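Chains A and B, in that order, give the protein sequences. According to the working numbering, the first sequence holds residues 1 to 337 in order. According to the working numbering, the second sequence holds residues 1001 to 1371 in order.
Please note: incorrect hints may appear among the correct ones.
What the hints assert, rightly or not - Cross-link-like lysine-lysine pairs, in silico, DSSO-like; alpha carbons within 27 Å at most:
(1) A/K280 / B/K1313
(2) A/K78 / B/K1313
(3) B/K1024 / A/K280
(4) A/K261 / B/K1311
(5) B/K1313 / A/K261
(6) B/K1311 / A/K280
(7) A/K280 / A/K261
(8) A/K36 / A/K280
(9) B/K1313 / B/K1024
(10) A/K78 / A/K36
(11) B/K1024 / B/K1311
(12) B/K1024 / A/K78
(13) A/K78 / A/K280
These aren't lab readings, by the way, just hints derived from the structure by calculation. Quick caveat: nothing in here was measured; it's all calculated off a predicted structure.
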Amino acid sequence: MRVLVTGSTGFVGAYTVAEALHAGHDVTALVRPASKAPFAALADHPRLTLARADLRDRRSLDGLFDEIDVVIHLAAAKSGDFATQFAGTVLSTENLLAAIDGSPVTRLVAVSTFSVYDYSHLKAGSVIDETTPIDLHPTRRDEYAQTKLLQEQLYRAEMERREVVILRPGMIYGRDNLWHALLGAELGPLFLRIGSRATLPMTYVENCVAAMVAAIDAPGVASETINIVDDDLPTQAEYVAALERQTEIPSSIPVPWPLMKLAATTISAVNNRFLDGRAKFPGIVVPEKLDGRFKPFRYNNDRARRLLGWAPQYTLAQAFSRSLSDTDLVVERAGSA
Amino acid sequence: MVEPESGTGPRLRAAVIGTGGISKEHLRFLAGSPRADLVGVCDMSPIAVSHAATTYGTTAYATVDEMLAGARPEVVHVLTPPTTHVALSELCLAAGADVICEKPITLGAADLERLLAFADDAGRRICENHNYRFNPEVLELDSLVESGVLGRVGEVEVRMGLPVNDPDGRFGDPNLPSPIHQLPAGVIHDFITHLTYLVDNFTPGVEWLTVDSRWSNHGGVAHVAVDDLDSILVGDGPDGAVHARIRFSALLAPDCFEITVRGTEGYAQVELFSGRVSRVIPRPGGKQLSPIVNMMVGGATMFAGGPRSLKRKIMQQGPYVGLERFLALTYTALAAGTELPVTPADMLATSRLIDRLVAGRSVGAAPEVVS
C-alpha cells in the first residue's frame, strides 16, 4: 500500500513510519516545511519518500495525495492555547480531509486519544472501552481534550465518504517519554504524584504503532473505533517502581486520589458558589481535568485484538529495556529495504 | 464619554465575521450583553464556525452574504485578517449594518478616509477597536492627567515587548509564516495601532513636527522581516512642546506593555499585562520628603499589586478587560445615536500617525532611520 503518515517527525510518528516500512508499505512521511534533516538515518531507504507541507495551510496540500492509498493521521497540537491547538489539530484535520477529497485515498487511519471519554460521569473502577460515552460538554476539560473531540466530529462526518477507522491509544510511552502526564503534575517547584493505585491506560510506542499499521489493511474495520492499550497494565505505583529500578526518576510527592479529588471538588464548589465559576485554577484542582488524568478505571484491548489481529509484542519490562538501550529503534525497525 | 448601561434599552442584532483568537472576547461579550442579541457568526472553516455557533448559542453561516441576508444584523464585528477589513466592512455597511472592526481597520489613512466616506454615504457608522484605552489602568492614568497632579504632560512613552520571533509562536513559526509580515510594519503592524492610539490618548491636540523611526530585525529571523521599532516624536501641543516614544522589542524580557506619562510635576506608569500602576508625584512634605514618601507609597503599591495581579490571573481578567468596556460603550452609543467612544477623528489621527511611523520602510530592509 501507498501510505502517507502525518506528524511523522513526532515521537509516535517516527516509529509509525518505521513500522509501516517494516510491513512492506511504500511510505510518504509528511514533514513540516522547516523540519531540519528529518529521517536522515533513513535517507537511502528505497520505500521512504518525504513530502513537505503544513496541514494548517490548505493550499500546501494540493496534489499531495494523488498517489496515496491510506493516510495515517497523527499530526496534532498538544500544547498552546485553544486557538493554537484548534489550528494544529482541528483546522489541520479539516484541511487534510478537504485535500484527500477526490484523491485515491480509500482509508483514513485516524489517531484520536483516550482523552475524549467522559470520565467525570463514570463511576470510579468501571471499565472504559469503545462503548464508553465521549464527553459531549467538554468546556471544563483541557484544550487537548476539547480539540481532539472536535477532530473526532470531523472523522465521523468523513465516514460517509470513505473508510475511516478511529484509533484511540492510551498514554503512549517510550524512549524520552517514560515520565508522563498520568504520573502526576507539576505544582510550582513540586511534582505531585497523584493516585498511585490507579491502573494506567498505557501502550508502549512500538506496540501502539504496530496496531496503527495493522489498521492500514485490516478487513472490516471501516467506521470502527478501537482503543489501544497494552496487556497487563500496571498501576501507577508499579510503573514508577519498575521505572525506578532501571533509571533515575524525578523526586515527587505522592498524593492519594481521594484527597486530590476532595480538594478539587471543594475549590470547584467555591468557584461556582462565590465566583460565578469564572476563576481559573491549575488543572489538577479542576475536577473534570483531574478525572481525565487520574480517576481510577479498568481497561481492555479486546476489540483491538479481534479487529486488528493485533497483540502487544513487548511487556512493560521489555519496553523499559528497549527505551533505555542505545539501539536506534526506528532505524532497526525500518530496515533497509 | 457615554457610560455603558447594563439595564434596559434597545438590543441590537449583532453578528461576527471571523472566529480567530480575538473572536472569543467579542463573542463572550455578545452572548452575555443586555445590549446585543447575537444572531450569527460566519467563517470560511465549517468546523470553526460550527464550534463558535454551538459554544455561543447562535447560527452558523458559511458566507458573509448568507449571514447578512439571513440574520439581518444591525451591527457586525469584523474580526478577520487586516487585508480583508475594507471589503468586508463595505459589504456590511452596504447591507445596512454598523461595523465594529478589529485593528488595524485599514492599512493606511487614505483607505480609512474612503471607508469612512463609504459609511457616511450608507448612513451607517464604523468604529475601530481601541480596547486598551478602556483598561482600568489607562483610565486611571487619564484621571491623573485630568486632575493636573502630573502637571502639563510633556512626554509619553508606550513600550511593548513580546517574543514575536518565538518559533513556537504564531508569528515566529517558520512552517507557516504569518501573512502579517507582509504588512507595512511587518509583525509590528499587529500591535502598532495600540501603541499609537495610546500616544494619541495622552497627547490631544499635539501636532507632531518630527517622527523618527528606526525599524530593525535584531533577532535575525528571516521571515519575520522586522521585530523592533524605536520611534521618537517631537511635537507642539496647546501648552508647549511634547515628546513621545513608541517602542516595540521582541528580544527584551519580560513581556511588557508599559505606558509612562511624564508631566511638569511628576510621572505615572502603568503596565497592562500585570496591572501594575505606579506614580511619582508631589507628596505632603514638600520637595525634601516627597521622594521618600513616593518610595514608601510605591513600595506599598507594589506589595498590594501582588495579590491584585494574582486575582486578575485567577479571575481571567487579562489585558483584554478594556475590550468589554469598549464594546459596552460602543453598543450604548450605537443604540442611542450618540458619539462613539472611538470617533472617526480618533481613528484618523491614529492611522495618519501610523502612516508617518512606517513611511519609507521597505519590507525586509536592514535597520534604517526614517524621518
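Outcome of the hint check:
1. A/K280 / B/K1313: Answer holds: A/K280 to B/K1313 is near 8 Å, not above 27 Å.
2. A/K78 / B/K1313: holds, 23 Å
3. B/K1024 / A/K280: Holds - the C-alpha atoms of A/K280 and B/K1024 are around 16 Å apart, at most 27 Å.
4. A/K261 / B/K1311: This hinted pair holds, its Cα atoms lying about 23 Å apart.
5. B/K1313 / A/K261: Status holds; Cα separation ~23 Å.
6. B/K1311 / A/K280: With a Cα-Cα distance of about 10 Å, the restraint between B/K1311 and A/K280 holds, given a limit of 27 Å.
7. A/K280 / A/K261: holds, 17 Å
8. A/K36 / A/K280: The given pair, whose Cα atoms are some 38 Å apart, is violated under the 27 Å limit.
9. B/K1313 / B/K1024: OK: B/K1313 and B/K1024 at ~17 Å, within 27 Å.
10. A/K78 / A/K36: holds, 20 Å
11. B/K1024 / B/K1311: holds, 21 Å
12. B/K1024 / A/K78: holds, 20 Å
13. A/K78 / A/K280: Holds. A/K78 to A/K280 sits at ~20 Å (cutoff 27 Å).
Consistency with the previously given hints fails for number 8 only.
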